[in-house]
Structures are given as C-alpha cells and as structure tokens.
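Listed in order, the protein sequences are those of chains P and D. What the first sequence shows, in this note's numbering, is residues -3 to 206, in sequence order. What the second sequence shows, in this note's numbering, is residues 227 to 592, in sequence order.
Fair warning: there could be bad hints in the mix.
For lysine-lysine, the following DSBU-like pairs were computed, each having C-alpha atoms within a straight-line distance of at most 30 Å [claimed, not checked]: (1) D/Lys506 / D/Lys495; (2) P/Lys74 / D/Lys379; (3) D/Lys406 / P/Lys74; (4) D/Lys406 / D/Lys379; (5) D/Lys495 / P/Lys130.
Stretches of chain P that chain D covers, calculated by requiring three or more beta carbons in the stretch to come under 8 Å of a beta carbon on chain D [stated by the list, open to error]: (6) 25 to 32; (7) 51 to 63; (8) 110 to 124; (9) 144 to 151; (10) 160 to 168.
Far from chain P, some chain D residues (derived; all Cβ distances over 10 Å) [claimed, not checked]: (11) Pro251; (12) Glu254; (13) Gln357; (14) Arg376; (15) Pro399; (16) Val435; (17) Glu497; (18) Lys501; (19) Gln532; (20) Gly574.
These are computed hints drawn from the structure, not numbers from a lab. Glycine residues also receive a C-beta, built at the ideal position from the N, C-alpha and C atoms.
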Amino acid sequence: MTILNKTPVLSDELDLWQRFTNGNSLAFETLLVTYSRVLFAYGSKYSGDDEFVKDCIQDLFLDLWQKRETLNQTVVVKAYLLASLRRRIHRALEHRRWLSGTPLDTVEHFSVEFSVEENLVEDETARSVVFRVKHLIEQLPKRQQEVVYLKFFQELDRDHISEVMSIAPQSVSNLLQAAIKQLKSQWKAEFFCISLLNLLVESPAFSTIL
Amino acid sequence: MPQHDSQNIEKLIWNESFRNWVMHPTPESDAFWYIWQVSNPDRVADLRLARTVVASLQVRDRALSDPDLHQFVTRTLNRAEIEKPVELALPVARPLRWQPLGWAALILLVAGLGWQVWQHQLSAQKPLTYQALTQNAPVSLVERVNETRRLLKLQLPDHSTVWLHPRARISFPDPFTVDKREVYLTGEATFAVVRNPNRPFFVYADEIVTQVLGTRFSVRSVSDEKVVQVVVQTGKVSVFARQPAHQKTAPPDHGVLLTPNQQVIFSRKEERFRKSLVKKPQAIQAIPEGRYFRYDETPIAEVFGQLELVYGISIEFDPAVLKPCTVTATLEEGGLFEKLSAVCRAIGASYAVLDGQILVSSAGCG
Chain P
-3 MTILNKTPVL SDELDLWQRF TNGNSLAFET LLVTYSRVLF AYGSKYSGDD EFVKDCIQDL
57 FLDLWQKRET LNQTVVVKAY LLASLRRRIH RALEHRRWLS GTPLDTVEHF SVEFSVEENL
117 VEDETARSVV FRVKHLIEQL PKRQQEVVYL KFFQELDRDH ISEVMSIAPQ SVSNLLQAAI
177 KQLKSQWKAE FFCISLLNLL VESPAFSTIL
Chain D
227 MPQHDSQNIE KLIWNESFRN WVMHPTPESD AFWYIWQVSN PDRVADLRLA RTVVASLQVR
287 DRALSDPDLH QFVTRTLNRA EIEKPVELAL PVARPLRWQP LGWAALILLV AGLGWQVWQH
347 QLSAQKPLTY QALTQNAPVS LVERVNETRR LLKLQLPDHS TVWLHPRARI SFPDPFTVDK
407 REVYLTGEAT FAVVRNPNRP FFVYADEIVT QVLGTRFSVR SVSDEKVVQV VVQTGKVSVF
467 ARQPAHQKTA PPDHGVLLTP NQQVIFSRKE ERFRKSLVKK PQAIQAIPEG RYFRYDETPI
527 AEVFGQLELV YGISIEFDPA VLKPCTVTAT LEEGGLFEKL SAVCRAIGAS YAVLDGQILV
587 SSAGCG
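Model the full structure from these sequences, guided by the hints.
Next comes the structure, spelled out in structure tokens:
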C-alpha cells in the first residue's frame, strides 16, 4: 500500500513545521513568508523601533533553522513563534535598558492601539457603539489588554496565551476576569446600567475560560 | 431606526464563533448564521450592528509592506545560507517588449484600444470569460502563459505555487492586494496555496469562483469546453457561480463545498454544479499500522469506517440491514473503488456514487 504525503488541511501547519524540522528549506521559506507579518505586528507592540523588531524576528528564525533537528515536532506554530519572539524581545530590551541604566520595571511595556475602520461603519448608532467598546478596551491595564488582544484579535486560546505570555493558564483566566470586571464597572459608570460581566460570562468565548 | 438591545450586541461582539464568522466566513458558518437570523428575526438588526463593530474595530498594526517582506525573507534566507529557488524563466510575460517593434506596437496599441472599447461594451451581455474578467479587473495584472508542452511551475507573489498546464493562462496582480489574493485562470492549473486566513485566495475561472485558505487543488476551465472542473487534493475549498450582473460582490449563496477526492463540474449551458468523486481517490492520510485492510470476519461497519477515514469520503449504508455482514479479505492492493468492489462482492451488495458520496445498497446478509 502506498503512503501518500497528503494531509488534511487542519494539519497543514504541523506538516509544514515537520518538513521544516527535517531541513526542508522551502518549508523554512514558507514559514518566513507566512509568519513574518504577524510576528512583526506583535513585536511592534513592544517596541517602536522597526529595525530592532525585524532583527529580533530574523534572529529567531535563524536560531530555529540552526536548532531545527532538536525542536519539538508537535507545536502550535503561531503560539510557539509568538512566545519565542516575546521572550527574545524582552531579553533584548532588558539588555538594552541594563546598558543604559533604565530601571527594569519599565521593560514589560505592551502597547496596543485600536482603530475604527470608518468606511465600514454605516450609521451613527454603530459609530457610538464601536467607539464605546474601543474606549472601554483602551482603559484596561496593559496586561489585561494583552490578554484581550491575544484572545480576540490573535484568536489564541487560553493555553496558547499562557504559553505566549509565559504565565500559568490560571493567570490568563484571572487577567481576563479582571478585564471583564473593569469593563463592567466602567460600563456602569459611563453608560447604560447594564452588566457587561453577565453578558460576557454568558458568551461561550468567556465561559470556556472562567 | 431599528431598536437595539445593548445586551445582545455586547454578547455577540465577544462571542468567538460570531467573531470568527465576521472575520473569516466559511460556507458552514454562513449557513449557521443565516439560520440564526431566520430563527431570531427580532435580533437581526443587533446582529448587523455587532457585525459592524467586530469588523470595524481593529488593532492598528505596523505592517510590513510586500517589498519589505520580500527583502526580509531574502535577507534571512541569505543569512541562513539557503539559496532562494531560481526564478523560472517564463515563456511569455507582459508587458510586451516595445523597442524593436516601434511601428507595429503603435498600430497594435491603437487597434488594441479599439478592441478594448469594443470588448468592454460587449462584456455587459457577454458571458464571464477570462478576457472580460482580466480586462475589468480593478488593479493591473501580469499574465503568464504556458506555451510549452510540459507543466510550467510558477511562483505567485505570496509564494504559493501554480503548475500551469500547456496553453493555460493565468493573470494576477503583483503584488497581491492587501486583503485578498486573486488570480484569473483559463485552461488547467494545479495550485498549492500558502495558508493565510487573513488573505483569502480566490481563483476566477470564467463563470466560477473558487475560494480557499490554503490547500492543494486544481481548476480546469477551457473556453471551448462545455464544463468547468475543480478537483480537491487536500484541504477544503468552496466553489461559487459568479454573478454576471455585479462582478465584485460577495460570492452568491449557492455554491458547493469540496473536500478531498471530490470534484465539481459546472455545466456552462445549464449553469449548474454537479458534485462527484475523482476517478482515482487518493488516501488523504497515511494508513495506520495494524488491522487496516486485513480483515478476518470483520464487521462491515468497521470496514467502511476505515475506508471513510483513509479516503476522506463518506459512505452511506443502512446499518440495520448490513449489521450481520462480515468481511474476510486482504484489501491492500488497489484504490478505493477496487476495495469497495471487492467488499461489496463479498457481502452481495452494490454501490453507487452520488453527489460526492458513496451509497451502498444491499438486501442484507443472511
């Protein structure tokens, strides 16, 4: 019986990763093309220096290529790459700050900006709701914002967020819960008397986490 | 103005499956949310509003442009001491050479203009041909033609690969636009698409549109043939008929979803899709070690289950009728249809292929 090297789409990513760890240079190139953009977008949340972020991504890929034979064969590629980049950037930033004598507590600085794509908003009601939601997220502390960003804008699940941020899965849940609590009190203070917590808890997205 | 319920809106905005549908719709999720709207007519206005919020609230990312990305990839490959695959020499690439043909080119250009205007006027009533589609594309395209007698391998701007069959033509913007990858095809080609859910990949082949995320499949659309054919090797693709009236609208809701080993044929005359199986279905996964295809009084349901798993094709049968049937055989040789024939012979059943599935009928074993 012939065994064909074909795999269903769900394992495409894993298949690519395994071909890469086996030293297939085309697979390496495909990884680069596929993930450099998302890595760059994520890395830029930690530093405004484009060249610095690109260097970190490049070093990350070169390291992976060198160590390819020793790498784990079954990883969730996106989460793995984001986690590795985050560690690498933090190390590099710490090193920089250490050299320049800046205190270490400023290292973990995650900064995400939200924007509203105006031409998708048809009417005033939609506009007021979308800006309200944007405002609420922007009020969250940085760590909570990062969790919300990874969960809803990078579409990672709890375990992968915990991998990326190097914190326990329980801490991810706690951060998300805190985010919800914050959103709830803000919502009450500034807008209608409705409880966002109840809403979010009822939504399947959050109930899997809480 | 419609009445909104803030609770409903918030609930939808942070609902994972809702967000997924808005950001990366699939035929399945389209169907799900369509049914949701039908069963919650009073919440349709909320759903629309929530959809607007999800789609319009974005993270402002600093993006790598296509040239930046290209440069970055090349530089990284160089440092890793990997040579980039040599760009293939292309038999025909537009724009055509200008210099040695000054006069001829000028005449052609003038004639070309007249032709374009004429074509443009015609395209209003004409069927959707490759020519009409490429001429009316909103961005400028480059064209590649395979004038050789062999398969021609090309790389697209996103590093996806295309194997063009002889005489096939393909056009695409270089680079692709930011939000989607669109190519126009006439003739036959096989695609291996780099997965990128944020930039769906579309193939426009005359009247039909094929949408994929990342997969391997082939499209055959030869203008003088009566049918257009799409065959899936791995992954999932959806195929839609294109609406001639408004070219750039979202795919119409009548389409088909193809899984591996299925193909669809679109009849130009009837404008209808017919789904079936490919002639020689291929195993979509490595065959597991052990009891696969070596049967000793094995219940028929297990045999069909293994075939379904290996070939990714669903096999319908009446479990009540076939329950007593067992198979004793070694089926390691031959493809799916040979195996099916042998199994059906053994239990006195017959099978038929219908709508991309296999139906087994039998009077039972008794």
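Results for each hint:
no., hint, result
1, D/Lys506 / D/Lys495, "27 Å, holds"
2, P/Lys74 / D/Lys379, "29 Å, holds"
3, D/Lys406 / P/Lys74, "21 Å, holds"
4, D/Lys406 / D/Lys379, "22 Å, holds"
5, D/Lys495 / P/Lys130, "51 Å, violated"
6, 25 to 32, "holds (count 6)"
7, 51 to 63, "holds (count 5)"
8, 110 to 124, "holds (count 11)"
9, 144 to 151, "holds (count 4)"
10, 160 to 168, "violated (count 0)"
11, Pro251, "14 Å, holds"
12, Glu254, "13 Å, holds"
13, Gln357, "31 Å, holds"
14, Arg376, "21 Å, holds"
15, Pro399, "17 Å, holds"
16, Val435, "19 Å, holds"
17, Glu497, "29 Å, holds"
18, Lys501, "18 Å, holds"
19, Gln532, "12 Å, holds"
20, Gly574, "26 Å, holds"
In this structure, the hints that do not hold are numbers 5 and 10, in rising order.
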